[in-house]
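Visitor: Letter by letter, the chains look like this.
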Amino acid sequence: MRKYSVFAVAREALRGHTGWEPQWASPEPRKEYDVIIIGAGGHGLGTAYYLAKEHGITNIAVLEKGWLGGGNTGRNTTIIRSNYLYDESAALYNHALKLWDGLSQELNYNVMFSPRGVMMLAHNIHDMQGFKRTIHANRLNGVDNEWLTPEQAKEYCPPLDISRSARYPIVGAALQRKGGTARHDAVAWGYARGASDRGVHIIQNCEVTGIRRNPDGSVAGVETTRGPINAKKVGVVAAGHTSVVMQMADIRMPLLSFPLQAMVSEPVKPIFPCVVMSNTVHAYISQSDKGELVIGAGTDQYQSYSQTGGLHIITHTLDAICELFPMFTRMKMMRSWGGIVDVTPDRSPILAKTPVKGLYVNCGWGTGGFKATPGSAHVFAHTIARDEPHPINAPFTMERFRTGRLIDEAAAAAVAH
Amino acid sequence: MLLIHCPYCEEERPELEFRGAGDAHILRPTNIADISDEEFEAFFFLRDNVKGLVYERWRHIHGCGRFFNAARDTVSDKFVTTYKAGLPRPDLSPAPKATETTVETYEATEGVAG
Amino acid sequence: MSGANRIAGAGRLTPARTARFTFDGKSYEALEGDTVASALLANGVHLVGRSFKYHRPRGILSAGAEEPNALIDVERDAARKQPNVRATVQEVFDGATISSQNRWPSLAFDVGGINNLLSPFFAAGFYYKTFMWPKAAWEKFYEPRIRAAAGLGVAPTQADTDHYTNRFAHCDVLVVGAGVAGLSAALAAAETGARVILCDEQPEVGGALHYDKSVKIDGQDGFAWAQATAARLAAMDNVTVLTRTTAFGYYAQNFVVLAERVTEHLARPDRKLPRERMWQVRAKRVVLATGAIERHMVFANNDRPGVMLASAARTYLNHFGVAVGKKVGVYTANDSAYEAAFDLHRAGVRIAAIVDNRAKPGEGVLAEARSLGIEVLTGHSVIDTKGHRRVNSMTIARNGGGGKRTIAIDALIMSAGWTPSVHLFSQSRGKVAYNAETGQFLPGTYAQDCLSVGACNGTNGLQATVEEALAAGELMARATGSKAGGKVEIRAENAFEWTGGMAGAAEGAGANDNVKAFIDFQNDVCAKDIRLAVREGMHSIEHIKRFTTNGMATDQGKLSNIHGLAIAAETLGRDIPKVGLTTFRAPYTPVTYGTIINHSRGELFDPTRKTPMHAWEEAHGAVFEDVGQWKRAWYYPRAGETMHEAVSRECKTVRDVAGVFDASTLGKIEVVGPDAAEFLNLMYTNAWDTLKPGRCRYGIMLREDGYVYDDGVVGRIAEDRFHVTTTTGGAPRVMNHMEDYLQTEFPHLKVWLTSTTEQWAVIAVQGPKAREIIAPLVEGIDISNEAFPHMSVREGKICGVPTRLFRMSFTGETGFEVNVPADYGQAVWEAIWARAEPMGACAYGTETMHVLRAEKGYIIVGQDTDGTVTPFDAGVGWAVSKKKTDFVGIRGLKRPDLVAEGRKQLVGLKTKDPTVVLEEGAHIVADPNQPIPMKMLGHVTSSYWSSNCGHSIALALVAGGQARMGQTLYVPMPDRTIAVEVTDMVFIDKEGARLNG
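Chains G, A and Z, in that order, give the protein sequences.
Going by UniProt numbering, the first residue of the first sequence is number 1, and it counts up by one from there.
Going by UniProt numbering, the first residue of the second sequence is number 1, and it counts up by one from there.
Going by UniProt numbering, the first residue of the third sequence is number 1, and it counts up by one from there.
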C-alpha cells in the first residue's frame with residue numbers, strides 16, 4: 001500500500017494525480033474463506049481490518065449488497081462520545097474513543113476525528129439529576145465528562161440561548177471535551193483500504209440470500225447473488241437488515257428496524273463550535289468542516305426499511321433547534337435523508353456469539369452506532385477470532401433478554417445515543 | 001406523514017392522530033406466570049422485524065382512542081389494509097406484491113454500486 | 001434606462017418603474033420585476049461570487065433555481081439577514097442591501113484566490129491523505145483553517161424578527177409547475193370541476209415561455225397566453241394558483257409540501273404578513289410539470305464570469321430586456337442555443353460564432369443561422385477561455401485537431417442539452433428509466449398516484465406537450481370523480497424542434513488531467529476529479545459523489561449530476577444506466593427552517609400547562625419548576641430568603657403546623673365498570689378486590705418485564721368506580737398502557753377509562769393542624785380520625801363545591817387531599833388559605849414536598865427508580881400480591897437476574913458529618929482508595945438537608961443494600977471523599993403516629 005502523506009500529495013500534484021492506486025481492490029469472490037463478514041459498513045470493514053491486523057486472519061471476505069459504507073455509516077450525524085452511564089457501556093464506548101484518537105495515523109487515512117466537545121443540555125431538575133449521575137459515574141470510570149453552568153455552556157457554545165424565559169431554559173450541561181465528530185465516509189474507506197491491503201476481499205453488489213449450515217447445525221457458508229461461498233465463521237454486521245439476515249439462520253432477534261432521518265443546512269462560515277444534544281427537546285446539531293449544520297432527527301414511530309421518513313419528524317427536530325438557537329430560522333435545509341436503525345429493547349447493542357456455532361452477530365446500535373465503530377470492530381474481531389467475547393463485549397449478549405441482565409441506558413438515563 | 005384508515009372511524013386521517021404500537025397478533029399467554037424464561041423472551045423481546053408485509057398495531061390516540069391492526073409493507077410503507085382489534089389476521093394470499101418492484105426501484109436508485 | 005445593457009423595446013419590464021439597490025456597497029438602478037441577477041447584468045456586473053474551494057471568480061450561470069454560482073446575502077436589517085440566496089431567484093426590491101459572499105477582503109481581490117494557484121494539491125479527496133501529522137495538529141491547526149476557508153455565506157447571529165405560517169390543504173389534483181404543460185393540465189383538470197392547486201416557483205407563470213418568444217398559443221403570444229390562462233384559472237372557485245411557490249418535498253401518499261415566498265420581493269412588507277408560508281398538500285392526484293434544466297458544456301475554464309447557459313441569456317434578453325454581452329460566443333451540443341443566438345442577433349448583439357460540438361446540428365436552426373449570417377462551426381469545440389473577472393476570449397478548435405483560433409468575446413453562452421426535472425417524481429419513490437436515445441433519465445415506474453407531463457417526462461414538441469398535459473389533467477381529475485366539463489383544446493406552435501444534447505466532458509476536456517473543466521461549479525468539481533475518483537477505486541456513483549463532492553452543493557447537482565455520471569461511466573467503461581443515479585432527496589431547493597417550523601416558536605413551541613391555582617401561586621411569589629409541560633410551584637421564598645432558607649422554613653412549618661400544596665398535576669384516571677376491580681388487579685401488583693369502597697391503597701404498576709412503571713394512590717369510590725392517581729409525568733403513558741391492555745388483552749372486561757387529570761384541582765393540606773383547617777369548610781363528611789382514617793376517601797362538599805376528599809399523605813403528617821372540579825380550584829384554595837394562614841401554616845412547593853416525603857422514605861418513581869428497578873429493589877415489595885395468578889409484570893419479575901442476589905436496593909444514607917448534603921447522582925463505593933475505574937455499588941437518588949431531622953438525609957440504590965444496614969460506605973467526590981452510613985429509609989416517625997393522628 002502506498003503511504004498517504006503531504007509529500008505523496010505534492011508528488012502527485014506535479015503529475016496530475018495520475019499515480020494514485022485504487023484504495024481497495026474489487027476482486028471476484030473465492031469459493032471459500034476463513035471468515036465471512038456480512039455488511040461492509042464501518043463496523044464490518046473494521047472487523048475485517050482488526051481480524052487481519054491483530055489476529056492474523058486475512059482470508060476474509062466482506063460481502064456488501066450495495067456499496068461499502070452506504071448504510072448507516074454514510075448516513076449518520078457522526079457524533080462521537082463515550083459518556084454513557086453504565087460501566088459496561090462506558091467501557092465499550094471509551095474503548096472506541098481511545099481508538100478514535102489516533103485512528104487517522106493507524107489507518108494512514110485522515111478520518112478527521114475532531115474532539116471539539118459534545119455538550120448535552122439539561123433543561124430541568126430531572127435532566128440535571130440524570131446528567132450528574134452520569135458525570136459522577138464517568139469520573140469514577142475514568143471517562144471524561146463535566147458539568148457546566150448555563151454561563152459556562154454559553155461560553156463554550158456562543159449560539160446557545162440561555163435566557164431564563166426560554167420555553168425550555170438551559171439549567172446546565174454535561175460536556176465531554178474529548179467527544180466530537182469524524183468524517184463518516186473516511187472511516188469506511190480507511191478501514192476498507194487497510195483491510196484490502198492486508199488481503200481482505202471486499203465484495204460489493206453481493207447480497208447474501210442464505211446461510212448454509214452443516215448437518216451438525218454449524219455454519220458452512222453463505223448463499224449470495226454471486227453464488228455460494230463457504231466459510232466456517234460468519235459475522236453478521238448488517239445493521240437495519242440484521243433481522244433479515246439472521247432469519248436465514250432461523251434466529252429471531254430482539255430487534256426492530258426504524259427509519260431515522262437527518263439533514264444538513266446550506267454551508268455557512270463557522271458559527272457552531274461543538275456538538276450540542278438536547279434529549280428533552282430532541283435536537284442534535286453540529287457544524288461540518290464544509291460549513292453545513294448537521295442535524296439529527298428522531299425515528300419515525302413505525303418499523304420500516306424504506307430509508308425515508310415523514311416531514312413531521314424533521315419539523316419536530318427543527319422546532320427544537322430553532323427553540324434552542326433562534327438565530328437559525330433563516331438557515332436553510334439543503335438535504336435530508338434517512339437510514340434504517342436496528343433497535344434493541346434496552347437500547348444497547350448485541351456483540352456476541354449466537355446459538356449457531358460459527359455465527360456471530362454485531363447489531364442493535366440503534367441511533368448511535370457510528371461512535372462505537374473502532375471499538376465495536378476491535379472487540380468483535382476478537383470474538384470471531386477466539387470464538388469467545390473480549391471482556392469488554394462479554395456483557396452484550398443475546399441471552400440478556402432472557403435473564404433480564406439488561407444494559408438499559410435508555411431507561412436509566414433517558415438519554416438517546 | 002402517512003395517511004391511515006381508522007377502521008372504527010372509517011376515515012383516513014393523518015399519521016399525527018395515531019400512535020404506532022408494535023407487532024399485532026402477539027397473544028399474551030393466559031398462563032403467563034407459568035411460562036418459561038425462553039417463552040417469555042419470545043413473547044416480550046423477540047420480533048420477526050419483517051422486511052415486507054407486517055401486521056402491526058396502531059392507536060387512533062388523538063381520535064377515537066381505539067387500538068386497531070394494520071397490514072403494511074415495510075419497504076414501501078404502504079398500508080394494505082387496516083382492521084379492528086380482535087379480528088383474525090386477514091388472509092392476504094396471494095401475498096400482495098410486497099412492492100418488490102418498488103423496493104428494487106428505490107434501493108437500486110440509491111444503492112447500485114460499481 | 002436602468003443599466004447600460006438594457007435594450008430598448010426588449011423584455012417585459014416597465015422602464016418607468018425603477019428600484020434602487022446596493023451590491024457590495026455600490027448603488028445600482030433596477031426595474032421592478034428584475035431579479036438581482038438581471039439587474040446586475042443590466043449594469044454590466046458579471047463578477048458576483050467566489051467558488052467554494054478554489055475561490056475562483058464566478059458570475060451568473062443561469063436564470064433560475066439551479067444557480068450554483070451567484071449566491072448573495074440579502075440583508076434588511078441585522079435580524080433579517082439571509083445568506084446563500086440565489087441572485088437568479090431573488091427579486092430586486094427598492095432599498096435592498098445585497099452583498100457577495102465567500103471573499104476577503106473584497107470580491108475583486110480575494111485572498112482565498114490563492115487556493116486556485118495551489119489547486120494542483122487540492123485534488124478531490126486530498127484531505128483524506130494528509131493533515132495527519134503531527135496528530136494534534138488536525139484539531140488545533142488544520143481543521144480550523146479548513147473550516148474558516150469553507151462555508152459560503154455568514155449565518156445570521158440575531159433572532160429572526162420575521163414570522164412564518166402554515167396551511168394544510170386538500171385537493172383533487174395538484175399540478176406542480178405552471179409552464180405550458182402545467183397550465184394545460186391545470187386547465188383540463190379545473191374544467192371538470194375538480195379542486196385544483198397549481199403552483200410555480202417563479203413570480204409569474206409561463207416557465208419556458210419566459211425565454212421562448214417564438215411560441216404562439218391559440219394565436220396569442222405564448223407568455224401572454226400563460227398570464228391569461230393563469231388569470232382564468234385563478235378566477236375559478238375550484239382553483240388555487242400559487243406563484244413564488246416551490247414544491248420541495250414529495251412524501252408518502254401524495255403528501256406534497258410547498259414553500260411560498262410571501263414577502264421576499266417586497267420593499268416594505270407589511271410586518272403582519274408572514275415571510276414564507278408552508279403548504280402541506282394532500283392531493284388525490286398529482287401532475288408533475290416540472291420542466292427541464294439546461295446543462296452547461298464541460299470544457300476548460302468554463303466557469304469564468306460571462307459564461308452562462310444559453311436559455312439564461314435568452315431569458316435575460318426576452319424577459320428582462322438585458323443583453324448579457326456585446327459580442328457573444330455560443331458553444332453548444334444542442335439546437336436550443338441557436339435560438340438564443342438568433343434572439344440576441346435580432347436584438348443587435350453580435351454573435352461571434354456558434355461553435356457546435358456536433359457534426360450535424362438540426363437542419364432548421366442551421367439554415368436559420370446561415371440566413372441570419374451567423375458563423376456556425378460544426379464539429380468544433382471551445383477548448384479554453386480567458387479573462388479573469390469576465391471572459392474576454394474563447395479558444396476554439398476543430399474536433400480531432402486543427403483549426404485552433406482565439407476569438408474575442410465578452411460573453412459565452414452554452415447548452416449541452418436538457419435534463420428533465422425528475423426530482424419530485426423520484427422523491428415520490430418512482431423509478432426512473434434511462435432513455436439511451438435522448439440520454440435522459442425519465443419517469444419509469446410510478447409508485448404513487450401521479451403523472452409527469454411535458455419536458456420533465458421527456459416529451460418533445462410543443463403541441464405534443466400540450467396534448468399530453470391536457471389528457472393527464474383530465475384523466476387525473478376524472479379519477480377523483482370530477483364529472484363536469486368537456487374537452488379542452490389548445491393549439492400551440494413554436495419555431496423549431498430541438499435535437500441534440502451531450503453529457504460529460506466535451507472535446508478538449510476529456511482525459512486531460514491538467515485542465516479545469518467544471519462539472520459542479522460551486523464545489524469546484526472538475527471532470528478530472530471524477531476520473532481521479534474512479535482511479536482510486538470509487539466505482540459506485542455514491543462513492544464518486546462523496547469522494548469528489550459532486551452534486552453536494554446548494555444546487556444539489558441540478559447541473560452537475562448527469563455530467564458526473566457520464567464521465568464516471570466513460571472512465572469505468574460502462575453504460576450510464578449501469579452506473580446508476582444518486583438519490584434525489586427533499587428539498588428540491590433549500591428551504592428555511594422558519595418555513596418548516598412556522599408557528600412552532602416561543603410559546604407555541606410546546607404547550608405550557610398550568611394548574612387552576614397558578615395565578616395565586618404566582619401572586620404569592622412562588623418560584624416555578626418545569627416538570628414535563630407543567631409549571632409547578634417549587635418554593636415560596638419570602639423577601640430576602642434563599643431557596644435553602646425557604647425550603648427549611650416550609651418543611652418545619654408543615655410538620656409543626658400545616659402546609660397547603662398544589663397537587664393538581666398528579667395524573668388522574670377514572671376507572672369505572674363492573675369489572676373495574678378485576679382490571680386493576682391485572683394492572684397493578686396489588687389486590688384491589690379486597691379494597692372496600694371509601695378506602696384507598698398505594699398501588700405499584702409494572703411493565704411486563706417486571707420493572708416499576710408508575711405508582712400512585714387509588715381510591716375506591718364505589719364498587720364499580722375507582723379514582724386512580726399516577727405520577728405527574730406518567731399520566732399520559734399510564735392511560736395509554738391501561739387502554740392498551742383493556743382494549744387488546746382484556747377486552748372481555750367491562751371497564752371504561754377516562755382521563756380526569758385536568759378535571760380535578762387537588763389541594764393537599766398536610767400537618768398537625770390540617771383537620772382543623774379544613775373542618776369548617778367540609779360538608780357532609782365526618783372527617784374525624786375514627787370516621788375517616790388514613791387512606792380513606794369520601795364524597796361530599798367543601799366550600800359548597802362537590803369534592804372527593806382523600807385522607808392520605810405524602811408527607812407523613814395527618815393529611816387531606818381535596819379534589820374539587822378544576823374551575824373551583826382557586827376559590828377553594830383561597831378559602832383554605834384564609835383559614836390556614838392565620839394559624840401559621842404555609843403554602844409549600846415541590847421541593848418541600850420532596851424533602852418531607854424523603855424524610856418518610858416515600859419513593860418517587862422516576863427519581864428513586866429508573867426503569868431498571870423492581871418493587872423489591874425499591875423496598876415496596878409488600879405491595880406485590882403473592883396470591884394473584886396474573887398481573888402485568890408477574891412473569892418478568894421472576895426472570896433469573898431479577899431475583900438474583902446483589903441487586904441494587906433502595907436504602908437510606910446518613911452522612912457521617914451530618915451537615916454534609918450529598919449530591920444527587922453521586923456514586924457509592926466500598927473502598928474509596930481503589931484505582932480508577934472504581935467498582936461502584938450504586939448512586940444517591942435523593943438527597944436533602946432535613947431541618948426536621950437536623951441532619952442531611954439521602955436515599956440511594958446500593959448493591960445488596962438491605963444486607964448492608966449499618967455499614968460505612970464512601971462517596972468519592974472530586975474534592976473529597978464523604979463517608980456515609982447505610983440506614984433504613986424512614987428518617988422520621990417510624991411508627992407512623994403523626995400519620996394516623
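It is worth saying that the hints were derived from the structure and are not from the lab.
Wrong hints could be hidden among the right ones.
Claimed, not checked - Some but not every residue of chain Z turned toward chain A, in silico, with C-beta under 7 Å:
1) 252
2) 678
3) 681
4) 704
5) 743
6) 744
7) 746
8) 885
9) 890
10) 891
Backbone N, C-alpha and C fix where the C-beta goes; we use that ideal spot for every residue, glycine too.
Visitor: For each hint, tell me whether it holds in the structure or not.
Guide: Verification of the supplied hints:
| no. | hint | in the structure |
| --- | --- | --- |
| 1 | 252 | holds (5 Å) |
| 2 | 678 | violated (14 Å) |
| 3 | 681 | violated (13 Å) |
| 4 | 704 | holds (6 Å) |
| 5 | 743 | holds (5 Å) |
| 6 | 744 | holds (5 Å) |
| 7 | 746 | violated (9 Å) |
| 8 | 885 | holds (6 Å) |
| 9 | 890 | holds (5 Å) |
| 10 | 891 | holds (5 Å) |
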